[in-house]
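Please model the entire structure based on the sequences and the hints provided.
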Amino acid sequence: MTMQGAWAAIGRLDDIPRRGARCVTSPLGRIAVFRTMDDKVFATEDRCPHKGGPLSQGIVHGGSVTCPLHSQVIALDTGLVQGPDEGRVRTFPVRVGADGALEILLEAEAFREAAE
Amino acid sequence: MTQKLVVVGNGMAPGRMLEHLFELAPDAFEVTIFNAEPRVNYDRIMLSPVLSGEKSFEDIVIHGDGWYVSHGVTLHKGHRVVAIDRAAKTVTSDKGITAPYDHLVIATGSTPFIPPVPGHTLPGVLAYRDLDDVDAMILAAQSRAKAVVIGGGLLGLEAAAGLRAQGLEVTVLHLMPTLMERQLDPAAGFLLQRALEKRGIEVICNANTEEVLGTTHVEGVKLKDGRVIPASLVVMAVGIRPSAGLAKDAGLAVGRGIHVDDQLVTSDESISALGECVELDGRVYGLVAPLYQMAEVAARRLAGQPAEGFRHSDTPTKLKVTGINLYSVGDFADAPDREEIVLRDASAGVYKRLVVKDNRILGAVLYGETADGGWFGDLLKKGTDIAEMRDTLIFGQSYQGGSPLDPMAAVAALGDDAEICGCNGVCKGKITSTITTKGLTTLDDVRAHTKASASCGSCTGLVEQLMSVTLGSAFNPNAVKPMCGCTTLGHGDVRRLIKAKGLKSIPAVMQELEWTTSCGCAKCRPALNYYLLADWPGEYQDDKQSRFINERVHANIQKDGTYSVVPRMWGGMTSSAELRAIADVVDKFAIPAVKCTGGQRIDMLGVKKEDLPAVWADLNAAGMVSGAAYAKGLRTVKTCVGTDWCRFGTQDSTGLGIRLEKFMWGSWTPAKLKMAVSGCPRNCAEATCKDIGVICVDSGYDIHFAGAAGLDIHGTQVLCHVDTEDEAVVVIAALTQLYREQGHYLERIYKWLKRVGMDSIRAAVVDDLEKRQAYFERFVFSQQFAQVDPWAERASKGVASHEFKPMAEIGFREAAE
Ligand code: SRM
Ligand SMILES: Cc1cc2nc3c(=O)[nH]c(=O)nc-3n(C[C@H](O)[C@H](O)[C@H](O)COP(=O)(O)OP(=O)(O)OC[C@H]3O[C@@H](n4cnc5c(N)ncnc54)[C@H](O)[C@@H]3O)c2cc1C
Ligand code: SF4
Ligand code: FES
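Keeping their order, the protein sequence lines are chains A and B.
Counted from 1, the first sequence has number 19 at position 10 by the working numbering; the numbering is strictly sequential.
Counted from 1, the second sequence has number 145 at position 137 by the working numbering; the numbering is strictly sequential.
Any given hint might turn out to be false.
[As the list claims (entries may be wrong)] Restraint-style ranges between C-beta atoms, simulated for each label pair:
#1 Glu694/B with Arg104/A: 50 to 60 Å
#2 Glu95/A with Ser151/B: 31 to 41 Å
#3 Val105/A with Ala601/B: 37 to 47 Å
[Stated by the list, open to error] Far from chain B by the CB rule (all over 10 Å, computed), these chain A residues:
#4 Val90
#5 Pro93
#6 Glu95
#7 Gly96
#8 Gly106
#9 Asp108
[Stated by the list, open to error] Below, a list of computed lysine-lysine pairs in the DSS-like style, where the Cα atoms sit at most 27 Å apart:
#10 Lys60/A with Lys552/B
#11 Lys603/B with Lys60/A
#12 Lys616/B with Lys60/A
#13 Lys531/B with Lys49/A
#14 Lys49/A with Lys552/B
#15 Lys531/B with Lys759/B
In short, the hints are calculated from the structure, not lab data.
Yeah, the Cβ is synthetic: ideal placement off N, Cα and C, and Gly gets one too.
Take a look at the structure:
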């Protein structure tokens, strides 16, 4: 085991609908992977900072998602809850290969904790 | 030095007087009020909207409890003053409180006159004067009584319309040959009668009541000609009498009412009287406009700033029955030296008549179209010579002086002393100057500062036009609430423009209507998706990414991220096979909770998302489809057992419910749509709190709508009665289609009704059979694209399969290496 995280393959861009999301299970729990209208991809923990709503089930608009449970709006790049509400969801780096392959970087630090 | 002011009665007249007094001389008096009614001062004239359900009591309170506290007023609620001791200068209430006064104001209003026919004291005989009467009527309406209203004047007709709106069968008995004969001539009375009959109110003129029948409770009314009209509620609205007994017992000069001079002082210097209880120059009053004038005069005198005394002028009459426009002012009896000018438009139901003598207007009656009422009233009040405009006078103000004016220009052309608000006697100059000096920009501000349009509200349109004239573009009467932060347009405009510009996709709407965001937000996208789906059936492709998760996966998300599944049970009927299939599914997928819903079906809660397609496949196999418990669309149709089983059933309510659900399932609507069919007026399916409800009766089907029992509670209103089941289905589908085409997203039927008005709905789906048919056909057309079971598509056809399984599963090894 290395201390650096590794990029893990999670599928292809076209697996996710535009303005939609899919999830990926991981030892860290569920991760939501979003695709915006202009084909940017973001990944966050699939747990709303408010009351744990599954963000992957929300409505994606611009660079944000609206949580399906109580409609807090979360910026996908920073994970910050927008507007008057407060909170932040964990985000993970994702890269899109030239051929549309998606890879996610989960931090090793966190994995070690999870694996121990 | 503070003096003690005691007021007897807490009605509209003294309430207004105190407002003026506190403005003119805030600290001059320590005020004590005794009120026989156990409540604060409220807008009595708005009792009719409370009765019809359009307003609540809270909406019509004029002075809340806080007002009394902040003005240091002691209010004895529920205390009737029984004696005035003029020598000792005290009053005493029936509960034994005695209060001393330096000055006394009597404002005891009037008492309804109850004709002393046999049976008039039976339980179930009510007057129409205060909130208690309204509460009693609403209570009676809940037991679905049949009502008789005796008296076809303003009060009687408002009572009748209110009771009808509460779902009662109503008959009005009127002694005279035509309705409201004191305010209307026979032609207008006839038009009014026809309009009421169209709403299902029966009107019997020349009806002389002989007796109220019944032993322990009212059972009917017997007329002199022998006819008997069954009723379990009788409302007496034949007239009012000034309440002058207290003053008379105290030895004050009393005629029909308490005698006062033009400063509202009685025969005792330290006692004033005002309101409906007084008689001034031989006249008594029954409308608020003159009472408010009295209030001002009395307040000035008490404040030590007496001004010009009270002067009589004619007050126009308006009937506050939503959708009936009627205006009358002055004297319009025929006489040899009078001429009349009449205009009729039969197809539009318009009738106008002016009575003229020596080139001056004496009286005006307008029915159907009343916009010029204020103008005619003004000409009458000022005694303007109308010789010059004699030929075009009846067409109204906009036809005077050359080319027709638009209504805005007409308002602009009014003189500063033209009266705008009849109830509060507010003239144009006062409104415009207050707007400018106080910098007012909203209708509510203008109401608060000038009182214009703050009582019966019938001059609201005029006030808004005045605001436009005064403020120009700074005032937008329909100041629309934008749909969301992505646009400045409101729902109404967006709906209109989608049709007008033929916009058929979300990107097209956003482009053409200049959305300020690239792809909208969670508020506007679901709304646009609905509008496009409803407006272009068959052409527009549903955009799943613009739907809330529940509508995307056709199940309701729960707080822990699991889902609930509710299959349809048509009309609440089920079978052993369906129950067995549900039981099997529950066992097979270890579903943790099974519950009977409030909608007559079964909810399986706590289903894992990835199990959903398999759960549905099993339910589909047993013939069940999605119950759409998540949808802004048709939810449930509750039924009762009807003629199938019930000894009281009048029609096949279960059958009709099933038929409606099978015909209408799958349709998307602006907000959820719940229906119910009850087999008789006992209403076991609770149809009178649904979006659309049917009450079966012997003669057919009463179609109700606009109920709700969630965040707001509303009893339904009656749309119409139909004779056959087929007709019921057509009316309900047409109504639903009209709502689908007009409703704002998330606006339930009762809110839509409030916005567009009953008349426009009735005109489209009840009165005009061609229109009704067209709406019905559009509904049927769109159903062919809507009735696809979403579960089947997902369970067996792989639709939206990405929703139900993770895209990838990352194990420890992959992640860490
Ligand atoms: C399951 C059920 C409660 C039950 O256990 O009985 C229920 C459950 C929910 N109701 Fe309800 N309502 C249920 C009958 C009702 C009723 C009773 C009825 O329909 O006769 C009402 C009052 C009647 C009415 O609608 O006027 C009712 C008024 C509401 C409201 C208030 C709506 C309103 O406009 O005022 C909401 C909130 C909303 O829709 O925004 C709501 C919202 C909800 C939601 C969807 C909350 C949510 O957004 O998650 C709940 C979903 C739970 C689930 O997953 O099943 N539910 N809800 C009932 C399902 C009936 C069915 O078979 O489809
Ligand atoms: C249903 C309805 C609709 C109406 N619609 C209109 C309309 O559209 N336009 C219009 O201009 N007018 C309308 N009116 C008439 C208007 O409401 C009255 O003219 C006005 O309310 C009278 O005010 P008031 O202060 O004189 O008396 P009220 O408002 O009747 O107040 C008198 C109060 O004194 C109390 N009282 C009586 N005796 C005693 C006592 N001995 N001790 C203590 N308290 C006592 C009573 O309980 C009552 O609360 C309507 C009236 C009704 C009932
Ligand atoms: S009343 Fe309805 S919305 Fe509220 S908790 Fe119960 S089911 Fe949920
Ligand atoms: S859990 Fe996301 S807004 Fe409440």
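Check your understanding: Is it the case that Val90/A keeps its Cβ farther than 10 Å from each residue Cβ in chain B?
Key -> Non-interface label on Val90/A holds, nearest chain B Cβ at 14 Å vs cutoff 10 Å.
Practice item. Determine whether the non-interface label on Gly96/A survives the test: each CB of chain B must be over 10 Å from its CB. Key: holds (17 Å)
**Study point:** Outcome for the supplied range 37 to 47 Å, where the beta carbon pair is Val105/A and Ala601/B
**Key:** holds (42 Å)
Check your understanding: Is Glu95/A truly not at the interface, in the sense that its beta carbon sits beyond 10 Å from all beta carbons of chain B?
Key -> holds (19 Å)
Review point. Hey, Lys531/B versus Lys759/B, does the alpha-carbon distance stay inside 27 Å?
Key: holds (19 Å)
Check your understanding: Range hint 31 to 41 Å: satisfied by the CB atoms of Glu95/A and Ser151/B?
Key -> Roughly 52 Å apart at Cβ, these two residues miss the hinted range, so it is violated.
Point to revise | Straight-line alpha-carbon gap Lys60/A to Lys552/B, limit 27 Å | key: Between Lys60/A and Lys552/B the Cα gap is close to 25 Å, so the pair holds against 27 Å.
Check your understanding: Has the given pair, Lys616/B with Lys60/A, been kept, meaning a C-alpha gap of at most 27 Å?
Key -> Distance ~18 Å between Lys616/B and Lys60/A Cα, so the pair holds.
Exercise for review: Quickly compare the C-alpha distance for Lys603/B and Lys60/A to 27 Å and report which way the hint goes.
Suggested key: Distance of about 25 Å is within 27 Å: holds.
Check your understanding: Hey, Lys49/A versus Lys552/B, does the alpha-carbon distance stay inside 27 Å?
Key -> holds (19 Å)
Exercise for review: Given the hint that Lys531/B pairs with Lys49/A, test it: the Cα-Cα distance must not exceed 27 Å.
Suggested key: Distance of about 22 Å is within 27 Å: holds.
Exercise for review: Could you let me know if the closest chain B CB is still more than 10 Å away from the CB of Pro93/A?
Suggested key: holds (13 Å)
In summary, the structure is inconsistent with hint 2 from the numbered list given earlier, while agreeing with all the others.
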